[in-house]
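Based on the provided sequences and hints, a complete structural model is requested.
Protein chains in written order, with the numbering used here: chain S, 1 to 146; chain L, 1 to 375; chain X, 1 to 205; chain H, 1 to 165; chain V, 1 to 367.
Fair warning: there could be bad hints in the mix.
Computed Cβ-Cβ distance ranges for the label pairs, DEER-style [stated by the list, open to error]:
#  : chain 1 : residue 1 : chain 2 : residue 2 : range
1  : X       : Asp26     : H       : Thr15     : 31 to 41 Å
2  : S       : Pro4      : H       : Glu129    : 53 to 63 Å
3  : V       : Leu289    : S       : Ser26     : 26 to 36 Å
4  : H       : Asn49     : V       : Lys175    : 28 to 38 Å
5  : H       : Glu129    : V       : Ile321    : 26 to 36 Å
6  : S       : Thr2      : H       : Gly57     : 29 to 39 Å
7  : H       : Glu129    : V       : Leu289    : 29 to 39 Å
8  : H       : Leu22     : L       : Pro339    : 50 to 60 Å
9  : H       : Glu129    : S       : Thr2      : 53 to 63 Å
10 : X       : Glu132    : L       : Ile96     : 22 to 32 Å
11 : V       : Ile321    : H       : Val71     : 16 to 26 Å
Bear in mind the hints are in silico, worked out from the structure with no lab data behind them. For glycine and all other residues, C-beta sits at the position ideal for the given N, C-alpha and C.
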Amino acid sequence: MTIPLSGKDVASKIEEKFPGSVVESSQDNLVVKGNFLLDAARFLRDTEGLDLDFLNFVTAVDYYDHFEVVYWLSSLEHNHSLTIKARCYDRENPVLPSVVGLWQGADLQEREIFDLFGIKFEDHPNMKRIFLWEGFAGHPLRKDFI
Amino acid sequence: MATGELSIYNLVKFQAIPPDWPGGFWWHWLFFTVVVIGFVLTMVMGVIYIERRGMGRMQSRLGPNRTGPFGLLQPVADAIKVLLKENIVPVAADKIVHWLAPVIAFAPALMIFAVIPFENGALLADLNIGILYVVAISSVSTVGIFMAGWGSSNKYSLLGAMRNVAAVVSYEIPLVLAIVGVVLIAGSLSLNQMVVAQDIPFILLQPLGFLLFFTAGCAEINRSPFDLMEADSEIVAGFHTEYSGMKFAMFYLVEYAEAVAISAIITTLFLGGWRGPLLPPWLWFIVKVMLVFFAMVWTRTTLPRIRIDQLMAFAWKFLLPMSLLNLFITALQVLADWPTQLIWAMIIVNFAVMAIIILIWSRFFFRLGWGRIEV
Amino acid sequence: MEIKPAGKYIYSDIELDREEGQVIEDLKANSQEPIPDPDRWLDEKLEQNILLTTVDALINWGRRSSLWTAICFPACCAFEMIAANGPRFDLARFGMEILRASPRQADLMITAGTLTWKMAPNVRRIYNQMAEPKWVIAMGACAISGGIFASAEYAVVPGYNRIIPVDVYVPGCPPRPEALIYGIQMLQQKIARRKNIDVRKLLER
Amino acid sequence: MKFERYGIGIAKGLTVTIRHLLRHPTVNQYPEQRLNISRRFRGNELVWNREKCTGCGTCAKTCPQGAIEIVTSTDMTENKYVVDKYQVDTGYCIQCGLCVEACPYEALYFSHAYECAKYRRGELVQGKEDMLDRPERKVSGYFYPDKAKELPEQTMLVEKVTEKR
Amino acid sequence: MAVRTEPFVLNMGPVHPSTHGVFRMRATLDGEVVIDIEPVFGYLHRGIEKLAEQRTYTGITPLTDRLDYISSMSNNLAYCLAVEKLAGIKVPERAEYIRVIMAELQRIAALLIAVGAFLNDCGAYFTPFLYMFRERERIVDLFEMVSGQRLTYNYMRAGGVSQDLPEEFMPALRKFMDMMPRFMDEYDRLLMQNEILIARAKGVGILTGEQAINCSVSGPVLRASGVNWDIRKADPYSIYDRFDFDIPTQATGDCYDRYRQRVEEMRQSLRIIRQAMEQLPSGPVRAELPQLIRPPTGEAYARIEAPKGELGFYLVSDNSIAPYRCHIRPPSLINLTALRDMVRGWKVADLIIIFGSIDITVGEIDR
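What follows is the structure, encoded as structure tokens:
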């Protein structure tokens, strides 16, 4: 059985390393600040005992006032998993750091999020539309897309 | 003799025309031209039918069976349809080359049959250098195919044509060397004389030569597992991607006419041509050609495709040394003047030699496969 | 553990992508109305003065007995299409097992699957590349009307008849292989009644 | 693992294909021979029972894509709904079966027909009269086990022995 | 003097015989050597995630059928698990067993297609593909018997399955189970040891375990690289913890290993089905549920080991009859991340077979 890590425990560890990075945490997940996302992700991947080396998926949810990007991580070695989230409140030009440098598996998924939600991932090598064509107006998975 | 091999004098001398042939040279010429064209066209239809039905059955299907009795008219329907289809020439194509290519590819396929005997002496021209002529002519169609690849101005076409040229250039050598073995035993270059010389089929005397010839022949006409130039999972339809209508029909015809030609040559060189008991000779010839073609269908149905670099490696590192060794051994046997009554011993020896050579060579010297290129 | 991160693509031409996008947008703007079905021949049935010559009959026989299929199988229905080609139903019986990879040599386009606007220019292009005479069978709900995906208007073309004229509609999601074969036989009936040589015109001359 | 060499693997493969040449093919020659399709086959048309239908519109509500169009009016004399229009576009319906599953009055069935190809797009739309339950229309047993028992048993490919000649 | 060559771009697809649907690759070639490829997606983007937000929880099941259309049952299962996790529904025992039988049969069917298509890409002119298609046809027959459709089954529902098995199902399944191992041996004989296939596939397109994990690759591709990770064992869903089966792995992670891996997995699936057949209890097959499910606010991620890899559904609910957000983790798309690393330096012909060995379905990539 894959054990879901407690978001609160991990949050305290991250907070210790990078003070002020965690926005909120609960039993299921933790939300980190966008500008700390890369540091927190590297910490989660490389820390002994956590070793979250497998990025199951990345996705985003549109909550009208903000976007929430969800990273579902797991460790094949310890067989545990963790959900971390990052929010961006800018609707016109949402930006988050890209985790492609840490998990290459995020490559196509981040492009997908860019295409369907319009969230731009900084430092992604090929940040362009993946499913829809260049020149398509709008981002279909946003809630306000008709 | 300066007037060339087609003179009536030569034909009579080699008993190409039966002595009681009425009307002499021109009637002979006309008659066999019609026969050759008719033979090629009907045989192409026959082999297409065999291929589709045989392949269907091997794939646990039925194959065409609606069009005409047992689906025998399927190739006719295909021909009618393809010939009446619109002819498209791409705007970017080199018009003249695009137009000329199928003709250049088609003519040699027909010309090969000029020297293939359907019966004793029944052939268009019994050249005393018949097999050389075959080898020379059969490479010409490559020019047509390359023209098609170039003239279409399509990347897939060009890739297919390049692959074809590369394959033909490399496989010509083992092909010819395999023939030389037969020539040594038969003591003649004329195909009719070769058949006459085959009291036992040369496949028994030249098993290695047969294998080499079959493989190289398959590669030369791009039958599977060497069908790289029209590998539809890689380069769409290869060199004839941009062809439609009549011109495509020509290429389709060439593909099968060449297969028939190679089958006919194999029949003539290794399987005793028209010779055989009971049945009339021409029927024996046709049956044998069909059998050889069926073997090609069989391999096509079963085997995966080889890669282009493996194709080249296979020609130069396996077939070429094999054929040289084969030539060497055959020459020794011919020089040693093997006694005729001990011919069965020769068969056994030759089969043993073949097995040993192939085993040793593939054990120590040659492995199919190639590596990655660092980029 | 350090793994080389994914780099930029060596060949990645944003201008080309924009051009392709423009083509899609143009096509989308120009094909809001379905192309009418080519069904005039159905009404001509009523006029009894059609004279089918033997030549016509021969040509039509050849054409309908060797329908070679172009490869255009975007989605789910492709598997029923393959099943129809496969060992259980075997379209090869009708001389149709040859899937020509090159549209230039194909006669029939079986549109097996959803058509998206991104794909539409390619389908239109394949159709244009096919040599005359050519036919189209719309297979499955997606091909007929967009089917289950029709409400995702931003991406899905509601039916192939916005892009290319369709001869036979085979409903089902996906249709059984038998249903497809039935549709093909309907197409063969249509081909059998095609006039290749207009006798009246010839007589007038 | 061990690999075969010297062409033995190729020879093995060749025996498999040649053996198939001698076996019976598994082909079912469709227009002449017909398979007995599944008893639960979700045919390409719907069959509608006018008597049982109360016009509640549950089918139209459950249809995930709104392919069913139902218009009812109230009949005050008999105190029930009268179905004025009942229309399904078979070119749009995906035969998911949710409407048949949801019908609380067992008034909607799948037909057992699949030969529904048409030359015209418009002919694919099934009106009220086309959908009526007539004796010559075979009804599928999808969600109606008692109907399923009346249908012939399905031809299975598993039954077809292909190994022996 | 070094020969200067100029790379050129070969555009493969979206309509190309070997791209398994409408997938497009822009390959940069140096002669016949692939330097770089850029996959281009979206030719089948049908907005399934958008559509799912407008439909009821029951109405989404037909959509999931059309995701990875050669393994509809697995998609159904993953989706239903997600809804059950979200709404806390208990599934009857018999339904669990039926689900496992269906999912494993579907795995065999999908892997048969994967192997057949891979061999077809190697150029074996449809023969293995058609043989395997015939076997798939036997499975499809069984599916048709229970669900009434041949491809888009729409069989599972949240809280069970739509209908019970018909009585003639078990004998037919038993017959199939007797037949299948013999056929699989025959296919092994057909091409498994073929010298040409080994020359084509052995050592080609190697993906190391480390790379595979970093690229989030899952399923047979991951296990062929030597990583022992199967969700059926690692995170048992449904009732997979009751069965006894092995997780085969391979050593090198080349194309040939991926092919062998799939064949081994089919054998394991047969084992699971056999056990499930024996243990199948009687009882109801569907939990009593209201017509419209209304799960509490929250989010759930349920994943299964689909034939292609980890297929997951991430559902966010806002306590309405339709999900607020339905994200699908598509194994095909994520497995393709590794494609670029695998094909660099190989020939065009290898590009085709490496691509074929990953086994994708475009419906799932583009959604």
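Here's how the hints hold up against the structure:
{"no.": "1", "hint": "X/Asp26 to H/Thr15: 31 to 41 Å", "verdict": "violated (57 Å)"}
{"no.": "2", "hint": "S/Pro4 to H/Glu129: 53 to 63 Å", "verdict": "holds (58 Å)"}
{"no.": "3", "hint": "V/Leu289 to S/Ser26: 26 to 36 Å", "verdict": "holds (29 Å)"}
{"no.": "4", "hint": "H/Asn49 to V/Lys175: 28 to 38 Å", "verdict": "holds (37 Å)"}
{"no.": "5", "hint": "H/Glu129 to V/Ile321: 26 to 36 Å", "verdict": "holds (34 Å)"}
{"no.": "6", "hint": "S/Thr2 to H/Gly57: 29 to 39 Å", "verdict": "violated (44 Å)"}
{"no.": "7", "hint": "H/Glu129 to V/Leu289: 29 to 39 Å", "verdict": "holds (36 Å)"}
{"no.": "8", "hint": "H/Leu22 to L/Pro339: 50 to 60 Å", "verdict": "violated (43 Å)"}
{"no.": "9", "hint": "H/Glu129 to S/Thr2: 53 to 63 Å", "verdict": "holds (57 Å)"}
{"no.": "10", "hint": "X/Glu132 to L/Ile96: 22 to 32 Å", "verdict": "holds (24 Å)"}
{"no.": "11", "hint": "V/Ile321 to H/Val71: 16 to 26 Å", "verdict": "holds (24 Å)"}
Checked against the numbered hints listed earlier, the structure breaks hints 1, 6, 8; every other hint is satisfied.
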